[in-house]
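Q: One letter stands for each residue in the lines below.
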Amino acid sequence: MSKPKFAMYWGASCGGCDIAVLNIHEKILEVDETFEIVLWPVAVDAKYADVEALPDGAITLTLFNGGIRNEENEHMARLLRRKSQILVAFGSCATEGCVPALANLYPRETLFETIYAGPSTENPEDRRPLERAAVPEGELHLPKFYPTLRTLDQVVEVDYIIPGCPPESRQIAAVLDVVFAALRGEAELPPKGSVLGAGISTVCEECPRKRDVKKIRSFRRIQDGPVDPEICLLEQGILCAGPATRDGCGALCPLAGAACIGCYGPSEGVADYGARLMSAVASVIDSRDPEEIERILDGIPDPAGAFYRFNLAGSLLRRGRWTMDGRR
Amino acid sequence: MAHSPTPGDGLSLLEAVERKTPIPSRLEMCIQCGSCGGSCPSAADMEHTPRAIFALLRAGMDESVLHSNTPWICVSCYQCMVRCPQEIPITDIMYAIKNIAIQRGAAHKEEAAFSATFAEMVESYGRSFELGLATRYYLKHHPLRLPGMAPLGMGMLARRRMDLKPTRIKDVDGLRDILQAAREMEAAQ
Amino acid sequence: MSAYLLYPGCSWDSSARAYALSTGAVCRELGLELRQLEDWNCCGATEYLSVDTVPAYALISRNLALAARQQNGAKTLTAPCSLCYLNLSKADYYLEENPSLNEKVNRALEAGGMHYQPGTLEIRHLLDILLNDVGLDTIRRHVTRPLNGLRVAPYLGCLLSRPDYRQRFSHPDQPHELDLLLKALGADVVDYPLKTQCCGGHMTQIGPNTAYELLRRLLHGAEQYKAHLIATVCPMCQLNLDAYQHDVNRHFGTRFATPVLYFTQLMGLAFGLEPKALGIGLELVGAREALAHIGVETPPPAQAPQRGRRRKKKSEGLPMPSMPEDDQS
Amino acid sequence: MNAATSDSPRIGVYVCHCGSNIAHMVDVEEVRAWAEETLKGEGVVVARDYKFMCSSLGQELIQKDIRELGLNRIVVAACSPHLHEKTFRAACEKAGLNGYLCELVSIREHASWVHTDKAAATEKSKMIVAGGVKRVRYDEPLDPLRVPIHKRTLVVGGGIAGIQTALEIANAGYPVYLVEREASIGGHMAQFDKTFPTLDCAACILTPKMVDAGEHPNITLLTWSEVTRVEGSLGNFQVTIRKKARHVVEDLCTGCGICTEKCPKKVLDTVFEAGLGYRKAIYTPFPQSVPKYPVIDVENCTYFVKGKCKACQIFCPTGAIDFEQEDEETTVEVGNIILATGFQTFDPRRIPQYGYGRLANVFTSLEFERMSNAAGPTGGEIVLRDGKTKPQSVAIVHCVGSRDRRYNNYCSVICCMQSLKFAHLVKERTGAEVYNFYIDMRTAYKGYDEFYQRVLSEGVNLVRGKVAEITDAARLPGEEGKLIVQVEDTLAGRQRRIPVDMVILSVGLEPRKDAYETAKLFGISCSANGWYTEKHPKLDPVATMTEGIFIAGACQGPKDIPTSVAQGAAAAARVLGHIQAGEMSMEPIRASVDEARCSGCRICNGLCPFNAISFHDDRRVTEINPALCQGCGTCVAACPAGAISGTGFSDAQVMAQIEGLLWDVRV
Amino acid sequence: MNKTFEPVLIGFTCNWCSYRAADLAGTSRTKYPPNIRLVRLMCSGRLDPTFVLKALAEGADGVLITGCHPGECHYLEQNYKALRRYHLLRRTLQSLGIEPERVKLVWASASEGLQLAEAIREFTEEIRTLGPLRWNAQAELRSEEVPLEAVP
Ligand SMILES: Cc1cc2nc3c(=O)[nH]c(=O)nc-3n(C[C@H](O)[C@H](O)[C@H](O)COP(=O)(O)OP(=O)(O)OC[C@H]3O[C@@H](n4cnc5c(N)ncnc54)[C@H](O)[C@@H]3O)c2cc1C
Ligand SMILES: Cc1cc2nc3c(=O)[nH]c(=O)nc-3n(C[C@H](O)[C@H](O)[C@H](O)COP(=O)(O)OP(=O)(O)OC[C@H]3O[C@@H](n4cnc5c(N)ncnc54)[C@H](O)[C@@H]3O)c2cc1C
Ligand code: SF4
Ligand code: SF4
Ligand code: SF4
Ligand code: SF4
Ligand code: SF4
Ligand code: SF4
Ligand code: SF4
Ligand code: SF4
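Chains as they are written, first to last, in our numbering: chain A, 1 to 328; chain B, 1 to 189; chain C, 1 to 329; chain D, 1 to 667; chain E, 1 to 152.
These aren't lab readings, by the way, just hints derived from the structure by calculation.
Only true hints are included.
Covered stretches of chain B, as calculated for chain C (at least 3 residues, CB under 8 Å): (1) 76 to 85; (2) 90 to 99; (3) 174 to 188.
A virtual CB, placed ideally from N, CA and C, is assigned to each residue, including glycine.
Could you build all of it, start to finish, from the sequences and the hints given here?
A: Written out as structure tokens, the structure reads:
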């Protein structure tokens, strides 16, 4: 009997997720043993055409990381959806947009301007990519660059979600164990739509820092002064996203003395990550005076970045509002 | 002396005062408690206590207010203001009444003249000039008092506590432009 | 210690020369740098405000604009004259409270190429700086000739502590800052109930009779409490009490002869500085006799029993309520 | 939208004409037809319109559909829920459907009555209905919370208000704990000599009540005690009370007073004697104290400070002195709590120009009460601070610290009358010239203005003007050695300086300085000034927003004795009502925490003003006490983990309603 | 701006004050524009910023948040929490490029029917001047968005 098929593919992402999967140590051998890897650009040499040739539903498990930024991403998402029995949105980009989705704050034109005419780009002829270009050899075609980045589940239906930027390797390993067991008929897969490799609470659950009733009189950054190693960062005025961020990472950042920045995304059932975090943080501001409140809030200079760093594409608004001249 | 006309001449005095006072006058909040009149160091010389002035203002007895010596006797000590239970900016209201009295020509001429002379000095030099102020003002308004003042002046001069010539600031023209613009702004209200 | 911008006011180099001299001397002793504002203009005293509103605030604000421009790291603008201090801080406050006044004043300032954003500066009186930034401990350390035996009436006048918006200076009626400072110099400070009563201000010019009465009360009070001299913090108060004392005597047939010195002069004396360098002798009512009380090395003469004592000793009669000061001693 | 409904919805929509109230501005028939057609996909099975939905016929219409069409959700589009929510819920209940599965949406107050364009009002009404339909899908069946009521009651504060309350409840046959912080009950009233307007002797009318309270079999008196912890809620509070060590064994002490007599240590009494007299280190506040046992003031007792003395112990005939005694904590269970913690007086040292503390012969009203009291430090003699000289002229200053934006911007209510009382007493006892300085004379209520007139007839000088300052700086002949009251006589329009020998400051009433902490402890609120807030200023003056906690007396605001007594009785009546009912029911709109989802971040912990939220340190999770929760939903909105949910206004319900309301613009 | 533009507004009201104020506006027949649609919450403290974003995302052009006056909250002090969230929310909206003026906080006691109606009228005009938000209908974006593909 032939081995079940496995694929891993990337949309708009940084590649960190692939590394995280490779980082599961010996278990990677088990992957190789259990599966026939039909597509995984980082690890194996396979052709799109081979995948296209497979019958629908031929791939047992696909881990899709990265968001949908262009035509090619979308094409592959649809293709892999058709070919896969289980499609997993893997990592923050696929599940909520992640840092690439911060580009949703700007229109395409501004992005191109920054990329192709920015100070770090040498482009003396000021060229822009063309979707179609006639060259002597024939017509060249580049995938269309969409106005916004969308999450995988905004384009195709997904079966499971594994959050994290990237997902923690030990969590990936644990999820794979469940899959292996299920393939062996020893366990049942969790209900469709579940979030895997993470908890149902938030980072504070795993964070060992001492905490008390919160009262914020001012915000500061970790570089602004000494940080107490034992006490909750938020209580020290450091905007820690831990209370709103799904647990599962092991509270790595707060353990290391840095504020959680929210890569595991919203907790179970939360409709808008940023709104939740905003609501929580604002609720514990210790003032009743509008002017004073404003003064305290001055300590959060970039609210969109602070509250939607990972979740802009997954939020209710999905993006910033822009005009055609690129002003927000 | 140049000065701007009262904002919206033809307003009731109460309204005019309310507009001239740089922070809300709160005159409608006065409970006629008399803390102001009780506190005022110069109340004995006033025709009306500040409280009474406010009652007159609210009663629309504008002439009585404009001709009262009260604002001119006010030494601007703010004693009333810090004791007013309603936090009415009494001293600022006294200034407002003086502004309007001058502009409506109802002012106590001598007192107003002193202020005016002072203002002229400032506009000419950018600084006040005590000797000039005193001589000019007394010559014009109290020539008889002048000799009585002489020993004082001599004492001051002897101790070099009074300058014989005025000091002029460098950018006197800039200052005049500012004041001119300010007057226009006041008039445009 | 940080540098301060100084707004000296029109009397600084004339009628208040003693104030200027002694302030200079004392600040040198304490290592306090006062940088004089350049090309400042008159604050308008109480007169300009009587004439017109917007021009008056524009006049004052020109100084604020200059100071903001020249501040160069010094956020604090200090004025030794209570009236200048009030006018400057009041303009800053009203411009902040009243946006339309702010707009007009700034439009006027524009005509002179200037601008002032209210709240830019911290405006404080010299006494406040000496007391709160330099501090009593430092001052005490500099005292080499304590003013023991010199009975001083601490007199603040009205405009230092009033009006009291933004709690700009202690209590509007009974501030005790000057008392503390003089005590630190070793002086016998009398509990002078008239310390914030008005000196008559410009009334000496336009309504002398009103002013003389106010001056009489102050002098009478000082005499009642057996003060050797009055310590003042404001050139206008000094001028009125000193220069017009003679007129008051003539007017009422009294024989007051209470010298009026600037608190900085007393600081200088306590610091052991030369009287002349402090402008002593520039006063019209001579301070020689009063200063004799500290001039000699012998301990001060035993004090006459104080008739003015108001607080009953604890054991007699009914107990008195305790006061916050009681806890301090 | 996460939480989907468990059952598939079968919704009935009922649009009311309200006669022509709705129908004249909203095309009711069109709304009905639209709902039936367009909202079919949302589970609408039937939509009807009717002239008066709230009439019994209208209600029957709904009930019939519930029974016959198997409806499991109802939307009524009619008037405001504040008017008829109860009506329609009850109607559904009668047909066997839980009342909380019925939504009443307002197309009358919020559409037909406020708009003028019929087409627009009709369109808006459709959206309101859509909002209701979307929302009702997520409604859950709820039952009112029922709580049994414990029969015991706690009264905090043993002033006249607290004593009255305790007696009323005890007399009705129910047990009461009366907790008083000082060594004796009695409160401020015990300090007075005479009380206005009838000038009864305070002790004569108060002492019998104090004794009753002390001896009542249903009253457990806990003096020298304070409440330190309050848990639980209406019906069943657990209250921890700390009994401070008295160092006197109550069972042994006979109240003979020998210890006090023998104690060598004299202490200035700033509480009962208002600083005008002394007591011993072992003392009862006043001779008629209830209970009669003294306490040792350990801060001043020579033995506790220096380790020597023990005179009291040596002389005590029954061996009641126990230097080793320690504070005790007890926890009691009560069903209701009444706070009667009273007031404190304004400290006039905050107004230095009145000279209090500097000028010997300026007194406060409380000092004067003690001075005029026959049992007070001067034996009732009205004298100057030297303890002997009778004043020949006395100034009484009204509104000290009251009606002033710089201090307390309210009228202290009692001080005009109290100042008139003083004027009368001074006149009667010394014959001195008396001046009362007032802004307005406030002598409302029965017999009060008559008292004012009586004082007028006694020749008291009434000067209308707020006193500017009181000084000893003489200015004119005749002022030397006197206190000069400087004031504008506003009726004469002149400034006056009136020299007197003695000044009495009628200081205002203020909330106790720990009022805010006490309010927090019990989970009630204070007004901006610090007075405890009543549920409704006119119609529910003794209840608070926290069920089961009541207030009475001057802790709610300045008031005189008659009103304090009336409030005490009223609070008792409310509590007795609860006790008699045996059980109370409460709205089931409450928040609750899903412990598995709670991360213990403690964001929510400080947000509940009713102390419903508590944190378990051991398990690091938060819990909400449903009986204390009032259902505001603030914590629900704040919990970043989404661990708190609230019934009646869940995320799902609100979000669905928003979708419905925007039905026409959603794409 | 656009004369024919009729803004669509969502108003959050609290059960004790502002909802009752809206009721009072009704019973006293005070008129205001029909553009607003009200949601009842128990307290302004229940207002989760999510609700505001939801409304904007679903097509509202503006959101009015109302509650009891400071110091008068039926739940004592919860309106202050709404106040804090409101300030932060406006800043975040601004930083997302949405005019913060599209969200407005107004206090209205149960007796202020007239004032609430006036506030609604004012807000309607303010949003009318700002123009449509049409969050979910920006043509340029929609043309690119492809519907979800169903799984075979
Ligand atoms: C100078 C003066 C004269 C007055 N004269 C009159 C008059 O002639 N006629 C008249 O009708 N009214 C008069 N009043 C008003 C009268 O005093 C009040 O109406 C009355 O005392 C209010 O009673 P109460 O029980 O509410 O408060 P209080 O008398 O203040 O009693 C409160 C009690 O609670 C105790 N307590 C406080 N906090 C706590 C706590 N946390 N735990 C336990 N115990 C606590 C206190 O120790 C005190 O015993 C006068 C008031 C003043 C100031
Ligand atoms: C013009 C005016 C305005 C007011 N405004 C306010 C205000 O704004 N706020 C405020 O707090 N207070 C106000 N009040 C005071 C307020 O009206 C009273 O406090 C309140 O009405 C008293 O209620 P009551 O039940 O004691 O008496 P009432 O309202 O007089 O009720 C007594 C009832 O008993 C009935 N009755 C009388 N005799 C008998 C009998 N022998 N047998 C059977 N029934 C009988 C009467 O018919 C009546 O229905 C106002 C009063 C007036 C006159
Ligand atoms: S530091 Fe961050 S993660 Fe840890 S308890 Fe505080 S808020 Fe939560
Ligand atoms: S603590 Fe926060 S930011 Fe850090 S890894 Fe965990 S989820 Fe990511
Ligand atoms: S003190 Fe204030 S309230 Fe009293 S009369 Fe004067 S202005 Fe009016
Ligand atoms: S500011 Fe004028 S009115 Fe007021 S107390 Fe002083 S002198 Fe009198
Ligand atoms: S031991 Fe203390 S209480 Fe007893 S008599 Fe001595 S000082 Fe008084
Ligand atoms: S009761 Fe009389 S004295 Fe007391 S605050 Fe009110 S008006 Fe003033
Ligand atoms: S806010 Fe939520 S997660 Fe945090 S402690 Fe409260 S209930 Fe738990
Ligand atoms: S819903 Fe409100 S009352 Fe209930 S626990 Fe939360 S904050 Fe407290």
